[in-house]
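Asker: Going down the list, the sequences are from chains L and P. Numbering-wise (numbering that gives the first Met the number 0), the first sequence opens with residue 0 and increments by one. Numbering-wise (numbering that gives the first Met the number 0), the second sequence opens with residue 0 and increments by one.
Hints listed in this document are in silico derivations from the structure and should not be mistaken for laboratory results. Only a predicted model underlies this, so the values are computations on that prediction, with no experimental measurement involved. For each residue, glycine too, the CB sits at the ideal point set by N, CA and C. Incorrect hints may appear among the rest.
Stated by the list, open to error - Ranges between beta-carbon positions, derived for each pair:
{"no.": "1", "chain 1": "P", "residue 1": "Y15", "chain 2": "L", "residue 2": "I206", "range": "36 to 44 Å"}
{"no.": "2", "chain 1": "L", "residue 1": "T38", "chain 2": "P", "residue 2": "Q34", "range": "56 to 64 Å"}
{"no.": "3", "chain 1": "L", "residue 1": "L105", "chain 2": "P", "residue 2": "P58", "range": "25 to 33 Å"}
{"no.": "4", "chain 1": "L", "residue 1": "A217", "chain 2": "P", "residue 2": "G17", "range": "46 to 54 Å"}
{"no.": "5", "chain 1": "L", "residue 1": "S78", "chain 2": "P", "residue 2": "G17", "range": "46 to 54 Å"}
As the list claims (entries may be wrong) - Some but not every residue of chain L turned toward chain P, in silico, with C-beta under 8 Å:
{"no.": "6", "residue": "L6"}
{"no.": "7", "residue": "W9"}
{"no.": "8", "residue": "K13"}
{"no.": "9", "residue": "Y16"}
{"no.": "10", "residue": "A98"}
{"no.": "11", "residue": "K162"}
{"no.": "12", "residue": "L164"}
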Amino acid sequence: MSLAYRLVQWNRHKIVYDLCLWAGIVCFLGVFIGVSLATTAPPHQVRPEALLLRGLAFTAFFLLTVTLCIGPLHRLIPSTAPLLYNRRHLGVSMFAVSAAHGLLALLYYHGFGAQNPAISLLTNAKPSAAAGPLGLFPFEWFGIASLLILFLMAATSHDFWLKNLGPKTWKRLHILVYAAYAMLVAHIALGYLQRGVGPLPVILLLISVASVVGLQIASRFVRRPSSSKQQNEWVELCRVSDIEPNAAKTVSLPNGTRVAVIRHTRPRKPRKEHPGTTKDREGQEVISCVSNTCRHQGGPLGEGRVIDGCLTCPWHGYQYLPAEGQSPPPFTEKLPTYQVRVVDGGVQVDPQALPEGTRVEPASIGQPIATPPKTTQAPPSNGSDA
Amino acid sequence: MPIEIAALLIVCLLFYAGVGLVAAFLWLPKRLNNQDDAVRTAPKAVRLVWLPGMVALWPVLLAITNRKPDEPQNHQAGDA
Chain L
0 MSLAYRLVQW NRHKIVYDLC LWAGIVCFLG VFIGVSLATT APPHQVRPEA LLLRGLAFTA
60 FFLLTVTLCI GPLHRLIPST APLLYNRRHL GVSMFAVSAA HGLLALLYYH GFGAQNPAIS
120 LLTNAKPSAA AGPLGLFPFE WFGIASLLIL FLMAATSHDF WLKNLGPKTW KRLHILVYAA
180 YAMLVAHIAL GYLQRGVGPL PVILLLISVA SVVGLQIASR FVRRPSSSKQ QNEWVELCRV
240 SDIEPNAAKT VSLPNGTRVA VIRHTRPRKP RKEHPGTTKD REGQEVISCV SNTCRHQGGP
300 LGEGRVIDGC LTCPWHGYQY LPAEGQSPPP FTEKLPTYQV RVVDGGVQVD PQALPEGTRV
360 EPASIGQPIA TPPKTTQAPP SNGSDA
Chain P
0 MPIEIAALLI VCLLFYAGVG LVAAFLWLPK RLNNQDDAVR TAPKAVRLVW LPGMVALWPV
60 LLAITNRKPD EPQNHQAGDA
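Chain L with its partners taken away, still in its complex shape:
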């Protein structure tokens, strides 16, 4: 969630990611159509537009499978965080491919008759006697319903919607992706049973369902390992001026770990929970540093902003006290924190992650800390008292 709404929250990483993603989509479609044309003899050759239709369907379903696998995969393998980080772009791209498939199917199969294509789609989706009882329900309807859900999700994939719908409503809406996935599975399975287009869709379908269900189950039983010890040298990650007030910035430590550097104001109360805060220091601009990965679904905290004194995840609104690295009571989510200091306007961070929820005194922007704080021993944790 940015301070101001922007068309797309692009940065260098996301631009590279999007370019690779779309290059991959175009290459896959080209290879799919080319191989299909090359491997079939003219009497059985499918028209290129029909191949494009199928290629778009394969691509969209593959992208949806990847989108659903990213979350549990990240819980199992934390190094896949960059995939999770760009999940919104992946989801919107997947919808674009799905919509292209739907539109092309509408025009290709229903666009050349006397009837309105939409009415033709609804009325001409005939049950198939060959498929037995399963053929009674036209497979196209599952595709339409799924596309409608994916449209709602893509249309609300902007910070504006997260903020105005509220995290709870937004999350409820976006959890419908599982319903869309189930309907797509039904769409493909019934399409196979009713039209019989070869075994490939069924094989891919089984692989997809096994991957999604298997990863979801596996991720429930695996706990993420706690942060490991790293080398103890202060590194300058950015300038204070690079970070907007009451916002955060995602930066990478030398070992590749992403952290969120937060520029916020020292809390005004309650002082007993912030022993380092004296009355004359209240309201000062300070810097804190926590892990970039939200405990909820791995959202990029460095793209969040500070709301009510809490760093707020841009994805689902989970909040963390910047200095404590933990959610405000009664919530219990905790993040690894990092020692931070400001020297000549540069933000320096000790790459050694402190235990989750360890309070770190924020570094004052106006008063550079001359003596680096002791980093070999973690400061006392405030535990659940914060």
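Starting from the known structure of chain L, fit chain P onto it as the hints suggest.
Answerer: Frame of chain L; chain P shown alone:
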């Protein structure tokens, strides 16, 4: 599906979207300006990105803009 029902469905859908389009251009911008400071400064292109969602979810947005301002919206409101 009988053609009459299909036609009725399409008409209902178009009516819903039409009302949503009117709402997106006439009512919602003013209401959202009052509710969300960042909306006022948002570029025109961003508003175009919001348009499909506004057309689809206009009843939800109208309900939200009628909500009391102190209603909790964040993590503290519950498990998101």
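Asker: Give a verdict on every hint.
Answerer: Quick rundown of the hints versus the structure:
For the pair Y15(P) and I206(L), the beta carbons lie near 38 Å from each other, so the given range of 36 to 44 Å is met. Between T38(L) and Q34(P) the C-beta distance comes to about 57 Å, which sits within the given range of 56 to 64 Å. Between L105(L) and P58(P) the C-beta distance comes to about 27 Å, which sits within the given range of 25 to 33 Å. The given range of 46 to 54 Å is respected by A217(L) and G17(P), whose C-beta atoms sit roughly 47 Å from each other.
A C-beta distance of roughly 49 Å is found between S78(L) and G17(P), which places it inside the suggested range of 46 to 54 Å. Satisfaction of the interface hint for L6(L) is found here, the shortest Cβ-Cβ separation to chain P being roughly 5 Å, below the 8 Å cut-off. With a cut of 8 Å, the hint placing W9(L) at the interface with chain P is violated, because the nearest CB-to-CB distance is about 13 Å. Of the supplied interface hints, the one on K13(L) is violated, with its beta-carbon coming no nearer than about 16 Å to a beta-carbon of chain P, more than 8 Å.
For Y16(L), the suggested interface contact is broken, since its CB lies about 19 Å from the closest CB of chain P, more than 8 Å. Among the interface hints, the one on A98(L) is violated; its C-beta lies about 11 Å from the nearest C-beta in chain P, farther than the 8 Å criterion. Residue-level restraint check for K162(L) holds (minimum Cβ-Cβ distance to chain P is 6 Å; threshold 8 Å). The closest approach between the C-beta of L164(L) and any C-beta of chain P is roughly 7 Å, which is under the 8 Å cut-off, so the hint is satisfied.
Checked against the numbered hints given earlier, this structure breaks hints 7, 8, 9, 10; the rest are met.
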